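S.K.: Chains as they are written, first to last, in this note's numbering: chain A, 1 to 124; chain B, 1001 to 1248.
Please note: incorrect hints may appear among the correct ones.
Taking lysine-lysine and the BS3-like style, the derived pairs with C-alpha atoms no more than 27 Å apart in a straight line are [said to hold, decoys possible]: (1) Lys113(A) to Lys1100(B); (2) Lys1067(B) to Lys113(A); (3) Lys52(A) to Lys1100(B); (4) Lys1067(B) to Lys1178(B); (5) Lys1178(B) to Lys52(A); (6) Lys52(A) to Lys1097(B).
Taking CB as the label site, the calculated pair distances span [to be verified]: (7) Asp55(A) to Leu1058(B): 32 to 40 Å; (8) Asp4(A) to Gly1155(B): 44 to 52 Å; (9) Trp87(A) to Ala1015(B): 28 to 36 Å; (10) Val95(A) to Leu1106(B): 22 to 30 Å; (11) Leu1183(B) to Ser63(A): 35 to 43 Å; (12) Ala1212(B) to Val95(A): 26 to 34 Å; (13) Leu1060(B) to Gly84(A): 13 to 21 Å; (14) Ser1006(B) to Leu25(A): 51 to 59 Å; (15) Ser63(A) to Ala1245(B): 19 to 27 Å.
These are computed hints drawn from the structure, not numbers from a lab.
Keep in mind that this is a model prediction, so the values were computed, not measured.
Heads up, the beta-carbon is just placed ideally off N, CA and C, and yes, glycines get one too.
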Amino acid sequence: MKPDFLNGITILLAYQLVGEITSRLLQLPVPGPVIGMILLFLTLLLRGSLEKTLDSATTALLSHLSLLFVPAGVGVVVHLDLIGDEWLPISIALVLSTLITLAATALIMLAIKRLLHRGNTHAE
Amino acid sequence: MPNETSFTQIWVYLAASPLFGLTVTLLAYLLAYRLYVYARQNPLLNPVITAVALLIALLLLTGMPYKDYFDGAQFVHFLLGPATVALALPLYRQIGKLQKLWLPILTALVCGVSIGGVSAVLIAWALGAAPQTLMSLAPKSVTTPVAMGIAERIGGLPSLTAVLVVTTGIIGAVLGTKLFDLLRIHDDSVRGVAMGVAAHGIGTARAFQVSAEMGAFAGLAMAISAFVAAVVLPWMAELLMPVLATPG
């Protein structure tokens, strides 16, 4: 095992741990790993050299991120009966609303990007 | 020559050991991933769906309870935590773009989270779903632990929300890129943010299959929208309550 891998995974776990503690201490509604991610991002801004140390562990974890959702996915199918006899309105709402959210978010971001871009070129 | 009792004994050992759940999870995923690559990365064959389907079939065939399976699979599940923290790195590598795009990202994010919640609730309400179902649907685009917390606060059923969140992630992962192609949206930062807002971690995993840039922005959007949703959705649920009290 390359020493960088061990260093990297230790740093990731330490940030998750700090995130979990922060989330509980401050009673934030956001889970520990998300806080850990933001803290690690801020650390990287201050100390860019950390990027090299984290590289191999991060690549290993993120190259098959889909795999990590499989156990929870199996759990969902087991609890599918919770949806019960409202499966039709729920399915329609999920598919339509997901498509609407994807399209709306992307189009709003594009529109504001273009608006800002136009403003910048006018100012120049 | 092993007889039937020794097979039973082996099965009793396997069913009690975490080794079985862990190994079949990896095997199912490898098989699903092969199939996905073989189908030239067709998003309909998203490896999460195929692997989950294979494992469900296995659990049904062997009669193994989910709890026993999860005793092994939890080792994979546990890695979601450090993997979420690791999303900071690809994001850091996009710092130049992030500095230029923070305003469009934040605006799209707040709008996207609100539209995601309100549209799901209103569509299901119009189709006659019960109030508790509506409140369980509202946080469906938010990452699971946050979504369950929100559902609990606004009068939904957290366990139902968990099911709806994963289903939403899979819908987004399967349909997302096709929709962007249809709308002629080719900018990977824009596609990534939309994927993270609408389909959280599962959408982020899909985004990483497309490009590191799309993955980085999806991870950012997933994380920030968890904060935004925790603030915006309970407030929005209260606002919608008078409308939802009347049947659709």
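S.K.: Indicate, hint by hint, whether the structure satisfies it.
M.R.: Cross-check of the supplied hints:
1. Lys113(A) to Lys1100(B): Holds. Lys113(A) to Lys1100(B) sits at ~9 Å (cutoff 27 Å).
2. Lys1067(B) to Lys113(A): violated, 47 Å
3. Lys52(A) to Lys1100(B): Roughly 25 Å between the alpha carbons, so the hint for Lys52(A) and Lys1100(B) holds.
4. Lys1067(B) to Lys1178(B): Not OK: Lys1067(B) and Lys1178(B) at ~36 Å, beyond 27 Å, violated.
5. Lys1178(B) to Lys52(A): violated, 35 Å
6. Lys52(A) to Lys1097(B): holds, 20 Å
7. Asp55(A) to Leu1058(B): 32 to 40 Å: Hint holds: Cβ distance 36 Å, inside 32 to 40 Å.
8. Asp4(A) to Gly1155(B): 44 to 52 Å: At roughly 48 Å between Cβ atoms, Gly1155(B) and Asp4(A) fall inside 44 to 52 Å, so the hint holds.
9. Trp87(A) to Ala1015(B): 28 to 36 Å: Distance hint for Trp87(A), Ala1015(B) holds at roughly 31 Å.
10. Val95(A) to Leu1106(B): 22 to 30 Å: holds, 27 Å
11. Leu1183(B) to Ser63(A): 35 to 43 Å: violated, 29 Å
12. Ala1212(B) to Val95(A): 26 to 34 Å: holds, 29 Å
13. Leu1060(B) to Gly84(A): 13 to 21 Å: holds, 20 Å
14. Ser1006(B) to Leu25(A): 51 to 59 Å: holds, 54 Å
15. Ser63(A) to Ala1245(B): 19 to 27 Å: violated, 48 Å
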